[in-house]
Structure formats: C-alpha cells, structure tokens
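Engineer: The lines below spell out each chain.
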Amino acid sequence: MPAHEDRWVSSFVFLLFCASSIPVWGSVGLLQEPSPQSYFSSLEAGRASLAFFTPHVSPGAQPFLEQIESSAQALQDYGISVVKVNCPKEDISRYCGKDNVLRKAYLFRGNILIREFPTDALFDVNSIVANVLFALLFNEVKYVQTLADLQNIENALKGKSNMVFAYVPATGTAEHRAVMEAAFVYGTIHQFVLTTEAALLESTGNDDPDVSSAWLLFCHCQRATDPAQPCRRTALGQPLTLLNIHRHLKLMGAPLVTEVAEDPEKVSTVHLQLGLPLVFILSQKDTYEADRRTAEFVAWQLLGKAGVALLSRDLVDLNVLHRSNVALKTPDEGLPIQYLALEDTDEVITLVEDKNKVKQIQEEEEEEEEEDEKENNNQDIQDDQVVEAVSRDKKRELPLEQILVLTEDTFHSSLSEAARTVVLFYASWEAVSLAVLRSYSEVADHLKGTPGVLLSRVNCWDWPGICSQENVTQFPTIKIYGKGEQSVTYDGMWGTEELTSFIILSRFSCPLRLATRDEAEGYLRGEFPSELSSYHHTSLLGVFSSATSEAQEAFEEAGNILSGHVRMGMYFEDDALALSHKYSVSPPALLLARNRGRSVEGISLSKQSVQDMVQMIRYELLDIFPEITVQNLPQYLQLTKPFLILFSDGAISQMESQEMLKLAKGRPQQTFVACWLNL
Amino acid sequence: LGLALYAGIQGSAVSGASFLYHDYCVIGAGPAGLQAAYFLQRAGRDYVVFERSHAPGSFFALYPRHRKLISINKQYTGKSNSEFNLRHDWNSLLSHDRRLLFRRYSRDFFPNADTMVRYLEDFASLLKLRVQYNTAIIHVTLERNGQAWNGHYFLLTDQDKKNYKCSSLLVATGTWVPNVVNFPGSEYVEGYETVSINPEDFAGQTVLILGRGNSAFETAENILGVTNFIHMVSRSRVRLSWATHYVGDLRAINNGLLDTYQLKSLDGLLEGNLEDLAIVKDKKGKLHITLRFYLENRNFSAGIDSITLPQDELDNFATRAPYDRVIRCLGWKFDFSIYNRSLKLMPGKGDIKKYPQIKPSYESRGTPGLFVLGTASHSVDFRKSAGGFIHGFRYTTRAVHRLLEHRHHGVPWPSTVYPITQLTNSIIKRVNEASGLYQMFSVLADIILLRENATAFEYLEEYPVGVLAELEMQTGRKAPNGLFVIIMEYGRNFSGADKDVFYYNRAVGEAQHAWQSNFLHPVIYYYKQLPTEHEMRLRPPEWPLPRPDAIHHIVEDFLTDWTAPNAHILPLRRFLENCLSTDLRHFFAESCFLFAFTHQKLPPFCQQGYVRMQGLMGSEGLRRHAVQAGLLQDYTVTDSSGDRPPDSHDRSQDQLLRDHVIPVRPLQHLVNAKDE
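As you go down the protein sequences, you meet chains S and B in turn.
Take any residue in the first sequence, count from 1 to its spot, add 6: that is its number in the working numbering.
Take any residue in the second sequence, count from 1 to its spot, add 1: that is its number in the working numbering.
The set of hints was computed from the structure by calculation and includes no laboratory data.
Just so it is clear, CB atoms sit at the ideal spot from N, CA and C, and this is done for glycine as well.
Check before you lean on any hint, since a few could be wrong.
Derived coverage of chain B by chain S (criterion: at least 3 residues anywhere in the stretch with Cβ under 8 angstroms from a Cβ of chain S; other residues may be distant) [to be verified]:
1) 74 to 82
2) 422 to 433
3) 567 to 578
Distance ranges between label pairs, derived from CB positions [unchecked claim]:
4) B:538 to S:328: 56 to 64 angstroms
5) B:477 to S:614: 35 to 43 angstroms
6) B:544 to S:454: 54 to 62 angstroms
7) B:453 to S:454: 43 to 51 angstroms
8) S:610 to B:477: 48 to 56 angstroms
9) S:454 to B:505: 51 to 59 angstroms
10) S:401 to B:122: 47 to 55 angstroms
11) B:418 to S:531: 45 to 53 angstroms
All chains should be built: construct the whole structure from the sequences, respecting the hints.
Structural biologist: This is the structure in structure tokens:
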C-alpha cells in the first residue's frame, strides 16, 4: 500500500512540476522589488502577476506582507509572480499615489489589470492562492448561486464533457484553494462549478448535508444521453484536499470497465495503483453481454471505491473452480487473488465495501475483546481489602500459643478453670474472623501473665454444635464467661487496644463497689484498684446516700450495660455526702475524674431511667473539642449532630484549641460537634 | 418393654370406650417412624407409634437377606464438624444425642443389618419414644368432623379390633410387600424373602435370577463362587449407581456378576419382559425357560414334551440351558391394602407405582392430614435424590414435622435473621456443612427471605423446594422482597444410565465455567418475587425450580470445600451484589472512617459495623497487606514523613469505591441454563 501511495503522489508532483515549469522571470520564488516603471515594462503578455505597491514599509502592513511572501512560492507553481513594487515618494500615479497603497493588491495578466483585491481578503496563504486562482480561472470555474444556474450548466454539458461541482462553505478556505488548484490542472478537461450556497447542496440529492464541510461531486455528463435526467454523480467521500480531488478525478477518468485478457495477477490498473481493490467479473463467451452489463452495473456502484474489470475465461487459462465468477485483487502485494462464487451483484458490492469495514470491525472487535478481558479480569480481581489482606497473610504462622483451643469436649470444662474465660467464636474460612484472630493474638500477648483471665477460641467450622448452643450466629463473636455469671458478648471495636481494655475492665465488677473513703479517693485518682492503674481511663464514680436507692439501682443497671467500656465505681458509705460536697454536688451524683483525678467534675443525677443514665454517661465521657480519629468517630456520629471540623496538618496550636473551645462551649447545649481532624 | 407396658395399660384403660385419641398417629416404627416420633416428642406433641412387630425396624430384621447394608458408615472424614459428617453417615437418625451416631455402633463401612436393628432399638428406648409394639394396624378409615384439623379424623383398627382416633396420620410403613410376577410356571420360582442364603445349597447348580436391583445382585454375589453359572433376566438394562448418582441403582459393592459376565465367565445378563416368560419343569426337575406365547391354547398337563421351547425354533436361544433354580428378586411395594377407599390413597403411575401418590409436601393427594414418610415417600424424588433412604428421609421427615408445627400449632418455620453483611457468610457456611442440602439435593433447599431495602435477611433451612410457591402459607414467613434459594445440583446432562461419567475434563475448575459443573455443587437461584404455583408447574422438565431472575453456580469442588476466597466466595459475593445492587465487601475501620467523610451512603459493612462502634481495626500487618494490595490508602507514611508517597501503588480510597460500580446487567444474562 505505501508503495502505491508513493507512486501516485510522485506522479502528481510531476504533474505539478510540469505546470509550474513554465519559465517565470528568471529566478523563482523571491519577491522582486522593482520600481513601478520597470515593473510595468516587464509585464509579458499572458503572464500573470500579483503586485502590491509600497512606498515604505509601514508596520501595520507587516502581517499581510508575511502572508504574501509565504504564498509567493505557492503562486510561483502556477506561473504567477508576486511582485512588490517600490513607489518613489513623489509618485502619485494610479497605483502608488492613492490611499490604497498597501490596502490593495493587483492582479495583472500581461499588462491588463484583472482584479484588485483588498488586502484583508488575502489573510493567509490559502486565501491568497484561492482568490488569485479564482480570479484567473474565471472562465474555467463557474460560480453559481441558484439551482437554475447549475441546471443550465449541467444541461449544456450533457454529451460533451463532465462537470466537477464543488461546494465550499466560504471562499478563501483551504478547501476552496484545493478546488481551485485542481481546476487549474483539470479546468480544461472538466467544467468546474463552485458554489457557496448550502441550498444547492441539498438539491444534489444529498440527504442530510453537513453545510459546514466542503463537498465535491463528479457529474458524469459526458455519458448522459437523456436531457431530462440529471447526470450521474459520484461524490468524493473524503475531505477536500488537493490530493483527494486529484485521486478522485483520476478514478473518474479511468474507464468504467476494463476488459482484460491476461492473467489477473499481472493486471494493474489505476485503481490498484491508487490503493483500491480491483474486482474481476469472470466472463464466458456465451454470457458476455450479460456479464458486461453486470460489470457495468457493479462498476457504477463501486465507482471511487474499486475498479471493475471484465475477464474473459475463454481467453485466459485460469486454474480456478469453474463455478467461480468473481475475483478480487487487493492492492496489498503478496496477497493472492481471491476467487469466489457469488450469487448476485449485492454480494460483490458488499465484498468490496465490507473489505474496508471488516478491517474496521476487526479492529473494533479486538478492542472489545480486550475490554471484555479487562472486565473479566476485574471480575476475578479481589477487591475486598480484608479478604485480600488476610489471604496475603495466610502463609505467616500466627503466634497462638497463648490462646487455648476449645472443642466440643473441652468447652464446658475449660470455662470453669479460670475466673474469666474469653472465647473467640470464629470460622476458619472467614476473612473478618481471621483478621480478628490476628488482633486477638496481639491481645493475648498484651495480657500474658494477667491472672484470672484465660483466652480461648472455638472454630465454629469444626464445632458448629457449641456455636449454635452458645447462640453464636455471626462470626466473629467474642464472649466473656465469668464463673457463676451470665456471659457478656463483646460489642466494641475489633481492635487490639479496645479488646484488651475491655477484657481488663471486665475483670472488675461494674460498677465497682468502693468500701472506704480512701478507696474512693484512690479510685478517682486512678490508683485503685491497682491492677487498672496503668490504664488511662476516665473514672466515673457514683455517689449515693442510703436514701437514693432508686438512682443507685439505675446506676448499677447502667454499669451492667457499660461493663468493659467504662470504668465505673460506686460509693454509698456514710460519708458519701462529705465526698460529694468536696466536689460541690450532693448525692445522688456522678464524679467524673479525668487525667488521673487532676480534674474532677461533679454532676447531679436527676434522671432515673437506666437508658437515660447510660445515655448521659456516654455523653459525659465525650470530649468537648476532641480530635476525631478512626476509633472515636462513631461515638460522635451517634450524637447525630452536624460536625464543625477544624482541619489541621499536624497537631493544633494552643490558640486554635482555645478559640475552638470557646466556640464549642459558647453554644447552648451544643448544636454541633466541634472537633478537629489531623490530616 | 416398659414403654410397651405403659402403652398397654393406657390402651386397656380406655378399651371400654370406642376410640383412643392422639393428635398424631405414626404407623411403623422403622427409621422414618422413629425419626418422626423423635421430632414430635421434642416438640411435646401428643403422638403414638404403632409397630406390628415386638421391636423397631422389623424390615431390617429380615432384610437384606445377606445382612450387609449398602449404606455408608464412614468413621473418618478428617473433620470434626458433626453436621458435615452426617454427609457421610447414611445410617444415623437425627437427634441431639451424640450417643446415637451409627459409627458408635459399627466400625464397618458397610455395616451389618443386625446393627441397624440394635441401633433402632436404642434410638427408641434412649429417647423414650412412645411406640406401641405388637400392634398391627389392619384398617384405616376416615370420620368426617368439622372440628377436626383437616375436616376428618383418622380411625385406625388393629389386629385385636382395638380402635384409635387421630387428627393427623403419618404413614411410615415403608415398602415391604414383595413384588411378584405371574406367569405359567411361576410356582417354581423362589422368592428373595425365603431363598436360602447358604451358598452350599447352590453348589454345582445353574441359577436364573429375575430382577436387576441390588437384591438380585446381592443374591448373585453370595452364590457366584459355587454355582455353574448364574443368569439374570429383567425388563430394563442395568443401571449403575455410580453412573446415575442414584443410590437406589446397582451399587458397585454388589456388581461382582457384571465383572464375570463381561469377562465371559459363564454368568450373564439378559433383557426381556418377565410377563412373557413361562417356566416348565422337566422330569428331572430341571426348569426350562419358554415363552407364554408357546403355551397358549395348549393343554399344560400334557407334559413337557409337548411344549415348544424357543430353542426348537431358534437353536441358539440364549436361555436354552435348563436351570436348577429360579429366584425372584423384584423388590417391594407399598402396602395399599389397609386403607379404606375413602382415603383415596392411590398408587403412582409408571415407575413409581410401588409408592402412594403424594404431593411434594409429602401429604397424600387424596387425603389432607395424611403424610407419607420414609421409603414410601420416595415418589417425590424417585431415581433422583435420596428420599427413599435413611440418609435422605431423616431430613424430609424433619421438614414434614416443621410443616405440621406451623399448620397445627402456629409455630413458624425456624429461621434466623441476620444483617445483610452476613449474607455471603451464611450461604458459604451452609453449603459447606449442611447435610440435608447435600443428601436431599434438588429436593430440600435453604431459603433466604430478604427484608426491605436488603438490609437484613431471614434464613430458613431445608424447605421442600417442590412447594416453594406455598412458602408463605406453609412456613408463616413472609417473602415480599425477593428471595434466594440455595440448592445442590449435579450437572444436568452428566448423570445417566448410559452416560460416560469418566470422560476427560469432566470436572470444571474455573469459576467462570461454574455453570457447567458436573458433580454436586451449590446453585443459588434469585427470585424478585416468590414463584407462583403456575410457574412451578410450568418449570422446564428436570428443573427443580422455575426460571429465576438470576442464577449462580458455585464451581464444583473436588473436596466439596467451597471456601476458596477467589474461586468460590468472590464470584458468589459479586452475584449477590448484582442481585441486590449493594456492596457486600468488608472494610477496615480506616476505610469506613474515610467513607464517613466522603460519602453520603456507607457500605453495609461500615454502616452495620463501624458506625455502631464495631469496626474492624485490623492488625498493623493486615493493614500493611491491604495497602500493598492497593486496596487501602497508606496514611502512616504521610503522617511520619510529611510528604506524600509516590502514587505508584495506592489507588485512592475514593476511587476504589467509585470503581466498584455494580454492573447492573439485565438479569436474564445471568441465567445460564445448562442445556442451552
């Protein structure tokens, strides 16, 4: 294919070269700068030149000069010289003296002025070449504005010569230039007709014309015999460029059907040279007439897309199946000729047209297949971060020595061994279970040596009986069994820290009953019980006088619910009143000790219901201006209030914190959650 | 004995009155009767079991004659999961008592039938089931009564003319009446039930066996070594259970004769209609095979010489050699004789004429309130599944009990409600361990009823899939928001009497070809609405269910272990996501945290976990793996170094969620019919 392209490109260049090799001025391409006298005296008859007169170079004309200089070479190809004439200062002749110096350019043929152009019509090389040629080829290229004009021309041409009808949306465009350049070469062979009227485009039978793009029709008027009928038309299916027009005209000029009497392998026509396929209609002597008609019919259909040749089988010894009636030769060298037996002409046409389509479709299909594959791949790719993480980690052996494996046989006996048995119910195939098992092994590490706590696990895939018996319906589940107590189901975050803290806090009853004032004070400072002293929890102490048993019961209930999550103590000895007064409240009251008792807040208990109590305790434990973290966000989300977030890159400064605190505290009952987020 | 006494006392106390009443009467204390009794007892129902023998399982006291059960008693499976192990225990009945596992009774892979009898005795006594022995029910009739549960009572009469009245009748009498054929000379034929089992008695004899089931081959196997040769005749060709996947067909353990036949060791198999047969005895006592056709219009008493034998015309007739013995091993049928005509207990048609006609709910077609259990109920899945055998009907009996609990006592079908995040898990758990789904494949199915907006679902186990259309009425559970049906299936074109089940590439390994799986594998049907009875009737032949809105096959697995994250769980999850248009992935708390700030709607796992303060923090190692997989954004690096890490591996989390657009395809594309 590229070889053929080269071939026809070079032949066209050669053609242009012929056209331009008419001797001009002596030297080629450069602007001459003669005086007006020498310019006019040098004008030769029949020679065209474009001249502009300039007294001195004015800066405003600079763009025009640049364009005209660059178009000089192009015009030179058509034998048109571009001349810059230097006007002497005193010259006030027709061309030099007027105001129109540099506002106009003049086209001369010989010494006859053909046209004067306002320089703003010559805005670039395309427009200069197009307009100059348009003016010169005034006779060769007819400009029409109405359908009637077009029909008149068409009718006049019938039986004589063919017509090339071009529509361009505007003059001075690249398409206009291409048409004019083609007309320069072919203007004597075909009648060129140009229009800029979109209405004419519609009349040419073009159903949904795109008026914004140029259009070219080859009208076969030479063969037209019926004066009533319009000439047959073949549209140029490609963009209007000089090469495409040239190629199109060349194809139109080729014989409709070539008769060949030699081996098809050796046949070469203009079609093959131009990269188009050649269709052979295999003919026999008996059916020659019919075959000829078929070939012509097909040829008309394929005009511009493929060549058609009529091959007489009687003259050529073909080594192909007798029933083959069509052969297809493609311009791709090395590809053998296909011999086919086709039913009707439509098949021939689709054969050629699909050849082009097939390629496209194949490409598309390949793309689709790739897409399909991609899609499939997507389907296969694990996009569950937990499952993927666990499966990437599965080769690593977990340190589970600290965790007792329970079975159906050992489950009940093991529960009585330690004061407190933590049981992880899980399924060994389930990703979240395995993720939690990893955290659980870290918990076991933290709690190593903690007396009275036994960590264990039950694989529900092995022992479904225990799991259903213990009412475990979801994996994973953690339950804490205390001797003689109901089991507690863990309902916190599945994280090492959270779980460790839960297990530690669960070791003590909630609320923890404090016996002496010292214990109570120690509790507020976070020093009692000593086992908890290394854990930094906010301590909550309920202080009750004996008269407030109802509030006390509610507090104990709340303690049951919050067990493991909150550190709760309870004091109701005789001097409870004194203790509470120290923090300026009176029983029933809550004492909230943050930072190891450095700040103790007293809150009077007024609400009596357990739910309210739980709600209040949870609320009181929240910070006023917290840093939002992965761990604590859900707690604040539960307030179902809008968030006011201070985004900060790194820790926030004292000042920011104070300002925000002011804002947070200022609003009555906090209509929003003020918080900050470390980016 | 104590129980029998107890029952006797009760019986005599009311003997003056005309009827002794129970809500439930069970006829037959075989495996099915005892299994039914167990569930009735656990539910605290008023019931009694009638047994004509002095002990349970009287069928097994006699059969199989050669005493070797062909039901598998697997000691080891490598697993401790008791539910899973029931998949390979074909003899135990269902109970909560771990002592009553058959493997504690026998170590034999194919146990002795005496062990079964002992097991059933223990089952009845250890669980204190109310069985009235030595009571043969000889007549059953109906008494119309508007007050009764089903508009009538069942009146039962025993051999002593004692009468019993019941609201619901559970027939678990099995099939114990031997099939016989009548043809001229059939009096010379010995029956399987009485034939000698001592091989010595057959030494040097030539034997013809009628029938081609397991009892026929079992008989042949026993005497194969001592006979001259054995011929077997039956109407249809032999069906091998390893080719049909039906345990009622000829089991490999019994097929020794096939071996000797195909190796030309004198034994042989023939096909022919037994009705056309005739046997004549010559003077030496030898039995000759001839055709009924030759005997017609002939004086039979004229003696053997006047009778034409086939070999007279066709001198290479196959069974021209005379036989010493002819043994009939033609199987058994249901005893229809005790039921009054008003019960309309009719035999089935064709292949299933040995069974009474019942609905897929095991209720008699003619009489509401009469349920057929056990072997006699096999018409529902004859030659398909295991409903005619202990390892199958123990589950269908439980299903019938659950239907009755709802119908008569207002106890809805047991179910568990889970959040939607547990959907994939609950399916994976069941398909991996459930024994009822596995044994009663294509008959019992797990049902998942979706709650509104697909935020939760209700899980029902082992519902008889044939009455799916009546689900709401039969179970008391509602299915307004669509449902999944989980069922196990063999490949549709795989099994069959004449199919090669060992061809190359018979096993499918890739998840995308799962629908072509041949061996038993889980299939999930999705319906946006409960199928109607009409749709159930019009379902394609051989399909357990009508065309679903979507279907998913979990690819068959060599180990029947469907827990592989990528081959089994991931495609299942995507299917469920497609059906429900939701995201069923798991996320670490960190991702949920990010979503909380960037998305209006959180994935269910975050919504139901993290937001409720039960997020999955994940260990550091795991989070690192997730980051390496590009599924989790790495923040730790950002925090410590201050500058962003190269974007090489991490897609942003936001991107991740956006990319996970659930491709909502027209659902019918998901429907892959195997035979299309």
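Engineer: Hint by hint, say whether it matches the structure.
Structural biologist: These are the hints, each one checked on the structure:
Remark: the segment 74 to 82 of chain B is confirmed as covered by chain S, as 3 of its residues place a Cβ nearer than 8 angstroms to a Cβ of that chain, reaching the required three. Residue count for the segment 422 to 433 of chain B with a Cβ under 8 angstroms from a Cβ of chain S: 5. That meets the three needed, and the coverage hint holds. Counting residues of the segment 567 to 578 of chain B whose C-beta sits closer than 8 angstroms to any C-beta of chain S gives 6, which meets the bar of three, so the coverage hint holds. Range check, residue 538 of chain B to residue 328 of chain S: Cβ separation about 60 angstroms, and the 56 to 64 angstroms hint holds.
Hint check: residue 477 of chain B to residue 614 of chain S, Cβ distance near 40 angstroms, so the stated range 35 to 43 angstroms holds. For residue 544 of chain B and residue 454 of chain S, the Cβ-Cβ distance of about 58 angstroms falls inside the hinted range of 54 to 62 angstroms, so the restraint holds. Between residue 453 of chain B and residue 454 of chain S the beta carbon distance is about 48 angstroms. The supplied range of 43 to 51 angstroms therefore holds. Between residue 610 of chain S and residue 477 of chain B the Cβ separation comes to about 51 angstroms, which falls inside the hinted range of 48 to 56 angstroms.
Distance hint check: the CB atoms of residue 454 of chain S and residue 505 of chain B are about 56 angstroms apart, consistent with the given range 51 to 59 angstroms. In this structure the supplied range 47 to 55 angstroms holds for residue 401 of chain S paired with residue 122 of chain B, their Cβ-Cβ distance being about 52 angstroms. Between residue 418 of chain B and residue 531 of chain S the beta carbon distance is about 47 angstroms. The supplied range of 45 to 53 angstroms therefore holds.
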